[in-house]
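Trainee: These are the residues of each chain, in order.
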Amino acid sequence: MKYLYEKDLRQMKYTILTSTRHDETVRAIARRLEMPDAKLRMILIRRLDMSLLENLESRWQMGREHADQNDQVAQELGCELFTRFIPLVDPDVMRSICDETGRMIGDGSSRDEALAKGRARIREAALA
Amino acid sequence: MKKTVDVSIPLGPMHPCWKEPVRIKCETAGERVIRTEVELGYMKKGIERIMRGRPWQEVMFLAERVCGICSVVHNMVFIEAMEKISDIAVPPRAAYLRVVVNELDRIASHILANFSYCYTIEHETLAMYLLNTRETVLDNLERITGSRINTAYMIPGGVRFDLLPEDATALLADLNKVEDEMRRYTRIFETGPLIALRSKGIGYMSREEAIRAHTVGPTARASGVEDCDLRLRHPTYRDLGFTQITRTEGDNFARVMIRFQEVFQSIDLIRKCVENLPEGPIRGGGLCKAGETSYAGEAPRGELTYTIRTDEYGRVLDITIRTPSVMNIEACAHAMITDATSIADVTSTFISSDPCIACNER
Numbered sequence: 001m002k003y004l005y006e007k008d009l010r011q012m013k014y015t016i017l018t019s020t021r022h023d024e025t026v027r028a029i030a031r032r033l034e035m036p037d038a039k040l041r042m043i044l045i046r047r048l049d050m051s052l053l054e055n056l057e058s059r060w061q062m063g064r065e066h067a068d069q070n071d072q073v074a075q076e077l078g079c080e081l082f083t084r085f086i087p088l089v090d091p092d093v094m095r096s097i098c099d100e101t102g103r104m105i106g107d108g109s110s111r112d113e114a115l116a117k118g119r120a121r122i123r124e125a126a127l128a
Numbered sequence: 001m002k003k004t005v006d007v008s009i010p011l012g013p014m015h016p017c018w019k020e021p022v023r024i025k026c027e028t029a030g031e032r033v034i035r036t037e038v039e040l041g042y043m044k045k046g047i048e049r050i051m052r053g054r055p056w057q058e059v060m061f062l063a064e065r066v067c068g069i070c071s072v073v074h075n076m077v078f079i080e081a082m083e084k085i086s087d088i089a090v091p092p093r094a095a096y097l098r099v100v101v102n103e104l105d106r107i108a109s110h111i112l113a114n115f116s117y118c119y120t121i122e123h124e125t126l127a128m129y130l131l132n133t134r135e136t137v138l139d140n141l142e143r144i145t146g147s148r149i150n151t152a153y154m155i156p157g158g159v160r161f162d163l164l165p166e167d168a169t170a171l172l173a174d175l176n177k178v179e180d181e182m183r184r185y186t187r188i189f190e191t192g193p194l195i196a197l198r199s200k201g202i203g204y205m206s207r208e209e210a211i212r213a214h215t216v217g218p219t220a221r222a223s224g225v226e227d228c229d230l231r232l233r234h235p236t237y238r239d240l241g242f243t244q245i246t247r248t249e250g251d252n253f254a255r256v257m258i259r260f261q262e263v264f265q266s267i268d269l270i271r272k273c274v275e276n277l278p279e280g281p282i283r284g285g286g287l288c289k290a291g292e293t294s295y296a297g298e299a300p301r302g303e304l305t306y307t308i309r310t311d312e313y314g315r316v317l318d319i320t321i322r323t324p325s326v327m328n329i330e331a332c333a334h335a336m337i338t339d340a341t342s343i344a345d346v347t348s349t350f351i352s353s354d355p356c357i358a359c360n361e362r
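Each protein sequence line maps, in turn, to chains A and B. Going by full-length UniProt numbering, 122 is the number at position 122 of the first sequence; the sequence numbering is gapless. Going by full-length UniProt numbering, 51 is the number at position 51 of the second sequence; the sequence numbering is gapless.
For the record, the hints were derived by calculation from the structure and aren't laboratory data. Cβ atoms here follow ideal geometry from the backbone N, Cα and C, with glycine treated the same way. Some clues are possibly wrong.
Said to hold, decoys possible - Derived pair list, reagent style DSS-like, types lysine-lysine, alpha-carbon separation capped at 30 Å:
{"hint": "1", "chain 1": "B", "residue 1": "44", "chain 2": "B", "residue 2": "19"}
{"hint": "2", "chain 1": "B", "residue 1": "19", "chain 2": "B", "residue 2": "177"}
{"hint": "3", "chain 1": "B", "residue 1": "289", "chain 2": "B", "residue 2": "272"}
{"hint": "4", "chain 1": "B", "residue 1": "25", "chain 2": "B", "residue 2": "45"}
{"hint": "5", "chain 1": "B", "residue 1": "19", "chain 2": "B", "residue 2": "200"}
{"hint": "6", "chain 1": "A", "residue 1": "7", "chain 2": "B", "residue 2": "25"}
{"hint": "7", "chain 1": "B", "residue 1": "44", "chain 2": "B", "residue 2": "25"}
{"hint": "8", "chain 1": "A", "residue 1": "7", "chain 2": "B", "residue 2": "45"}
{"hint": "9", "chain 1": "A", "residue 1": "39", "chain 2": "B", "residue 2": "25"}
{"hint": "10", "chain 1": "B", "residue 1": "19", "chain 2": "A", "residue 2": "7"}
{"hint": "11", "chain 1": "B", "residue 1": "44", "chain 2": "A", "residue 2": "39"}
{"hint": "12", "chain 1": "B", "residue 1": "289", "chain 2": "B", "residue 2": "45"}
{"hint": "13", "chain 1": "B", "residue 1": "177", "chain 2": "B", "residue 2": "25"}
{"hint": "14", "chain 1": "B", "residue 1": "272", "chain 2": "B", "residue 2": "177"}
{"hint": "15", "chain 1": "B", "residue 1": "84", "chain 2": "B", "residue 2": "200"}
{"hint": "16", "chain 1": "B", "residue 1": "289", "chain 2": "B", "residue 2": "84"}
{"hint": "17", "chain 1": "A", "residue 1": "7", "chain 2": "B", "residue 2": "44"}
{"hint": "18", "chain 1": "A", "residue 1": "39", "chain 2": "B", "residue 2": "45"}
{"hint": "19", "chain 1": "A", "residue 1": "39", "chain 2": "A", "residue 2": "117"}
{"hint": "20", "chain 1": "B", "residue 1": "45", "chain 2": "B", "residue 2": "84"}
{"hint": "21", "chain 1": "A", "residue 1": "7", "chain 2": "A", "residue 2": "39"}
Claimed, not checked - So, partial list: chain B residues that the calculated Cβ filter (under 8 Å) puts toward chain A:
{"hint": "22", "residue": "38"}
{"hint": "23", "residue": "39"}
{"hint": "24", "residue": "192"}
{"hint": "25", "residue": "322"}
{"hint": "26", "residue": "327"}
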């Protein structure tokens with residue numbers, strides 16, 4: 001929606017993301033999603049508001065401790081991590097990615113291959 | 001995700017209920033608030049950048065200027081981080097005096113937070129009573145440290161001033177007065193029908209949501225998060241038999257009540273310290289050295305973390321401060337206020353999480 005007094009917050013959001021701890025977190029998330037740092041930074045700036053960006057490091061820390069503890073495939077894909085802890089992907093889309101990956105593994109596909117395809121779909125969904 | 005919105009209501013950056021400038025954008029459908037977004041950047045100080053490259057003697061004064069409400073704990077956490085890097089031991093008397101000053105600061109902060117909440121829900125009588133009592137606490141801080149706000153009381157290896165016997169007597173007498181008054185105010189808050197209407201069941205945050213956003217301090221403890229008070233791991237507090245207070249309601253009422261309860265706990269801790277104050281020096285020796293550490297302490301609003309890298313002269317090469325408001329404000333915007341039944345509850349819920357914009361923006 002369009003606000004009457006809307007400011008362009010991109011520069012301020014970028015400043016938040018380039019502080020020492022935030023930069024480390026962005027690099028860690030980018031490594032996990034196998035995507036370039038700059039592209040992830042762009043997605044984060046577009047999708048998250050300022051307070052969520054400020055809290056990115058804490059949410060990443062808590063997500064690694066508490067997210068997807070019962071499901072191995074969901075944990076490797078970051079099902080809960082990238083929807084509820086760091087909301088990069090729509091929960092319904094993520095659910096379908098996780099189900100699809102689980103089905104591929106069940107059908108006899110290689111686990112690594114299925115997970116790689118799942119991660120590629122997560123990247124696409126985050127970029128959409 | 002797109003949502004149908006009736007009206008977008010911006011609150012702030014200048015708002016009569018807020019102590020500091022911040023803008024909350026509320027997307028509403030009728031009276032219901034669908035979601036909110038907190039927009040920051042109205043008072044960025046860039047204090048971490050100013051600190052870099054400076055000797056610890058200068059950074060110490062800058063650290064307590066991060067926040068004007070809980071300045072003592074910024075001083076304490078920075079100094080304890082420097083002590084951790086440099087293996088500096090603190091004499092027992094100084095350790096106890098640190099707790100006295102830190103807890104006085106916590107009482108002042110909690111009373112101010114509850115004042116703001118009562119003022120926001122239009123209970124001005126109780127708000128003014130609380131502000132009056134806070135003055136007594138600040139007078140004691142001034143008596144011990146020489147200053148009401150930026151005390152610079154703690155230094156590596158000890159504290160700057162001893163507690164004189166006449167000051168200890170006056171402190172204990174004032175604590176009795178504060179305790180009596182706070183008991184009365186807590187009863188007013190607990191039993192007030194207007195307060196219950198505006199506070200109970202409003203701004204609910206579940207334990208899971210609190211954990212997800214890494215909520216800290218009284219805000220987390222009011223949602224039933226256990227083992228989240230860092231005083232449980234501090235050696236001096238352990239020595240004093242500290243235990244965490246937790247509530248399970250997770251609403252505005254619980255957040256304010258937990259601060260009232262913690263005021264009484266702080267009063268007991270100060271009494272214990274003064275009555276069992278060890279004899280001995282208040283300053284040990286020690287030089288600040290090169291090293292790197294991440295050290296956290298319990299501020300009035302929750303976990304405060306300093307990550308510091310120093311050189312062999314004690315100059316701060318790199319510093320990052322993670323303040324509790326970073327987590328609490330985000331949890332407030334995305335969990336407590338989301339799907340609020342009335343726009344009138346946005347301000348009171350925001351204030352109930354005790355947001356400190358100065359800390360958040362640093």
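Trainee: Please name the hints from earlier in the document that this structure breaks, with their numbers sorted from lowest to highest.
Mentor: 3, 13, 15, 24
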